[in-house]
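Trainee: Spelled out from the first residue to the last, the chains are:
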Amino acid sequence: MSIKFFWQIPTSGDGRYADAHKRIRGERSDSKPYFLPGVTDPRGRRFNYFDHLHQVAKAVELAKFDGLQVRNDPQGDESWIVAGYLSRATRDLIVLAEFDAARGSAVYAAKNAVSYQRFSGGRFAWQISTEADEAQRRRNGDYVAAEDLNTRIEEFVIVARHVITETDYDFKGRFFEVLKGGFQGPLSGQKVPPVYLSGNDEDAYALSARVADVHVLDAQPLADIRAQIERLHELASATGRPLEVGIRLDVLARETEEEAIYDAKRYAEQSGQSKGVAGGALWRGLTKDSTGASAVLVGSYQQVSEGLAAYAAVGVHHFILGAVPSLEEAYRIGENVLPQVRSLVAGTSQRAA
Amino acid sequence: MAIDVFWRIPTHGEPSSLRNKLHHRGDWSQQHGDHVVHKGLSGGHDDGFTNLDYIAEVARAAEISGFQGGLIPSFPMTDEPWAISSFLARETSTFRFMIAFQPGFLNPVVAARMTASLQRATGGRALYNVITGGGGPSQLWWGDVAPHDDRYARTTEFLDVLRGVWQGEKFSYQGKFYQVEDAALPAQLLGQEFPEIYFSGSSDAALASASKHAEYYLSWLEPFDQLREKFDRVKERTDALGRKIKCAVRVDIIARRTEEEAWREVRRGFENLDDAARERYKRFTEQGGDSVGASRQRSHAPKELTDYRDFIIHPNVWSGLSLLRGGQTQGIVGSYEQVAERLDDLVQLGADAFILASTPHLEEAYRVGEEVLPLVRGHDNAPALRVVR
Ligand SMILES: Cc1cc2nc3c(=O)[nH]c(=O)nc-3n(C[C@H](O)[C@H](O)[C@H](O)COP(=O)(O)O)c2cc1C
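Read top to bottom, the protein sequences are chains L and D. With numbering that gives the first Met the number 0, the residue at position 125 of the first sequence is 124, and numbering never jumps. With numbering that gives the first Met the number 0, the residue at position 112 of the second sequence is 111, and numbering never jumps.
These are computed hints drawn from the structure, not numbers from a lab. Just so we're clear, the structure is a prediction, and the values are computed from it rather than from any experiment. Incorrect hints may appear among the rest.
As the list claims (entries may be wrong) - Taking lysine-lysine pairs in the DSS-like style, the calculated list, with each CA pair at most 25 angstroms apart, reads:
| no. | chain 1 | residue 1 | chain 2 | residue 2 |
| --- | --- | --- | --- | --- |
| 1 | D | Lys-211 | L | Lys-171 |
| 2 | D | Lys-243 | D | Lys-229 |
| 3 | D | Lys-281 | L | Lys-179 |
| 4 | L | Lys-179 | L | Lys-63 |
| 5 | L | Lys-171 | L | Lys-3 |
| 6 | D | Lys-243 | D | Lys-211 |
| 7 | D | Lys-169 | D | Lys-211 |
| 8 | L | Lys-190 | L | Lys-179 |
| 9 | L | Lys-21 | D | Lys-169 |
Work out the full structure, taking the sequences as your base and the hints as a guide.
Mentor: What follows is the structure, encoded as structure tokens:
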């Protein structure tokens with residue numbers, strides 16, 4: 000089975016080397032000149048963060064990732080707009096847009112998705128996630144009870160799949176209702192966006208077994224991931240649906256392990272987490288505030304490649320990777336890590352054959 | 000106040016003229032009432048291009064020819080304007096994306112973030128055409144169960160929340176359709192231009208919503224006196240709320256060097272009508288739905304199709320356009336000068352902006368931009384500096 004590598008697009012700000020401070024690259028304010036008065040600045044307000052995101056997407060494509068993941072961060076730019084903007088700028092990348100099922104009508108989302116498929120040659124994919132924090136949900140105008148969030152996702156996906164693939168489709172659920180729905184003519188026959196769901200509890204696994212194409216696990220040590228994958232596959236085979244597994248993981252890879260650890264420590268200090276992040280190669284929470292990843296795989300190119308290959312060996316086929324800063328690290332990982340992982344994975348599957 | 004002129008984006012695929020439907024642009028066409036999908040832009044084989052590539056060219060033509068931007072409609076069979084706008088953000092310079100959408104289909108807090116991001120992606124070139132749905136079975140097709148007047152109340156609430164969130168201070172709202180608590184756009188998305196709102200809908204419920212939130216009340220072309228009366232009514236209602244509203248007309252035009260040439264386009268199209276088109280016309284005159292605007296249009300339609308001239312309801316106004324292409328019925332037909340004069344007549348009766356369209360939208364954007372727009376005076380009553388020919 001082929002392995003897919005995604006790179007995360009940082010919708011709410013990016014960083015720089017040796018500086019954990021989040022910044023909105025490309026943007027500047029009139030009140031705070033970026034250069035000293037003795038140096039002219041030709042940029043004015045001509046650029047903003049979208050120009051940087053465009054650069055990152057091009058880097059992801061040139062560094063030979065399979066796709067980009069557009070994060071849904073309520074503190075950042077909206078993921079569908081970013082996804083459309085970047086789709087037009089890229090040729091072959093899968094564009095995995097993360098969003099919340101609270102965004103509105105499932106039919107309308109599906110209809111928009113059909114346009115994304117038509118315009119991108121079928122490269123659009125959905126990562127539907129839930130907001131765990133109730134106060135944040137209310138800020139998002141979402142008053143659905145916590146125990147109903149999975150039901151809403153399930154209905155959302157069911158309705159979307161059917162209106163994309165059928166006509167005369169009727170549905171009456173708790174959250175969505177459709178009568179004689181379904182896209183016709185030019186909007187018919189488009190690929191349903193592959194659905195990525197996530198969550199680390201039994202309910203989330205069961206939901207994925209019922210409706211997802213891919214279940215994305217948070218970064219965990221290998222043994223935990225292996226156990227979770229077994230459980231996911233059990234549930235999926237009970238529903239008779241194919242379900243693949245992904246992982247959301249940040250990477251910090253350097254030529255030597257020593258350099259990687261040095262940079263990880265500096266990042267921890269700069270972001271005010273002086274103790275307790277390190278734990279073998281997997282540093283928990285190191286970049287959580289910045290990229291949302293629960294852990295970072297830290298090590299030499301060789302070590303990180305082997306670490307990723309080990310996840311692949313236990314059944315992870317979708318790697319949603321990220322790092323700070325996004326642009327520079329996309330090239331670094333594309334040049335120094337992905338080729339190694341790909342050949343390790345190819346070697347393993349050859350031996351297995 | 001100078002007049003803003005927009006073009007329209009043909010998301011429905013289009014023939015290369017109104018005379019017949021032989022050739023089509025876009026990756027699909029509406030032939031004999033069916034929707035035929037082509038592979039590729041040129042038809043027949045997959046050439047790697049899609050309808051978006053044609054749309055992009057029309058948008059570029061509109062900006063090059065001096066239009067503000069274009070209305071991007073939203074219909075069950077066509078591509079969605081939010082998608083089109085985000086995909087084309089980087090490919091256009093001054094083109095303003097007028098996004099038609101039904102607010103009920105989006106969470107207003109998400110819509111605020113989408114809009115602010117689109118403003119950032121385009122340098123402030125997004126604006127709205129707020130529509131509220133024609134009702135009938137098609138509303139349920141969209142997954143919307145709300146009845147007519149509720150839909151407008153929901154539209155009003157949606158715009159209340161969107162404006163509230165846009166300010167950047169924590170905003171809470173308890174409406175019938177929407178509730179939010181402490182909502183605000185994230186800091187980096189603040190300070191963008193709030194999208195101008197063009198509002199469509201002819202019913203009382205529509206006017207109530209428009210008068211609270213819209214910058215422009217947008218109407219299809221209607222008989223001139225009727226339109227004057229409608230615009231006066233909208234302006235009165237808005238004045239009563241202590242606000243000002245402007246009016247806009249969405250109208251197709253067929254403009255040629257001579258009036259005769261313009262009518263020839265109409266006549267040829269009319270002569271070429273096939274049985275399917277005649278059948279569609281029959282259905283149109285009998286159609287249902289709760290749209291007040293659409294029934295206002297239907298009431299001017301002759302029962303039989305005998306002579307194209309039966310559809311002339313005012314000098315240079317032809318009410319049979321929906322026979323030649325899908326959509327609304329009344330359009331302006333005439334020489335460049337006549338079309339410009341009729342547009343100026345509309346300005347005199349209250350229009351402050353236009354959304355124009357003509358088939359094929361690509362070449363016609365250049366023609367109208369080059370030949371008609373330079374003749375429009377708008378509110379400026381001084382004799383125009385017309386080129387002596
Ligand atoms: C200028 C104009 C443009 C419209 N564009 C659209 C559109 O793109 N998509 C759509 O579904 N309805 C469109 N409509 C229809 C409105 O959404 C609505 O159905 C109609 O105005 C019915 O409302 P009423 O009963 O208040 O007249 C448009 C209406 C007008 C006047």
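Trainee: Would you check the hint for Lys-169(D) and Lys-211(D), treating anything up to 25 angstroms between C-alpha atoms as holding?
Mentor: holds, 22 angstroms
Trainee: Would the hint linking Lys-171(L) and Lys-3(L) be met if the CA-CA limit is 25 angstroms?
Mentor: violated, 36 angstroms
Trainee: Is Lys-179(L) close enough to Lys-63(L), meaning Cα to Cα at most 25 angstroms?
Mentor: Not satisfied, since the Cα-Cα distance of roughly 42 angstroms exceeds 25 angstroms.
Trainee: Compare the distance between the alpha carbons of Lys-243(D) and Lys-211(D) with 25 angstroms, and conclude whether the hinted pair is satisfied.
Mentor: holds, 10 angstroms
Trainee: Assess, step by step, whether the Cα of Lys-211(D) is no farther than 25 angstroms from the Cα of Lys-171(L), and give holds or violated.
Mentor: Judged against 25 angstroms, a Cα distance of about 34 angstroms means the pair is violated.
Trainee: Starting from Lys-190(L), check that the Cα of Lys-179(L) is at most 25 angstroms away, please.
Mentor: Status holds; Cα separation ~20 angstroms.
Trainee: With the threshold set at 25 angstroms, check whether the alpha-carbon distance from Lys-243(D) to Lys-229(D) stays at or below it.
Mentor: holds, 15 angstroms
Trainee: Check whether the Cα positions of Lys-281(D) and Lys-179(L) lie no farther apart than 25 angstroms.
Mentor: Answer holds: Lys-281(D) to Lys-179(L) is near 24 angstroms, not above 25 angstroms.
Trainee: Can you confirm whether the C-alpha distance between Lys-21(L) and Lys-169(D) stays at or below 25 angstroms?
Mentor: holds, 23 angstroms
Hint compliance for this structure: hints 1, 4, 5 are not met, and every other hint is.
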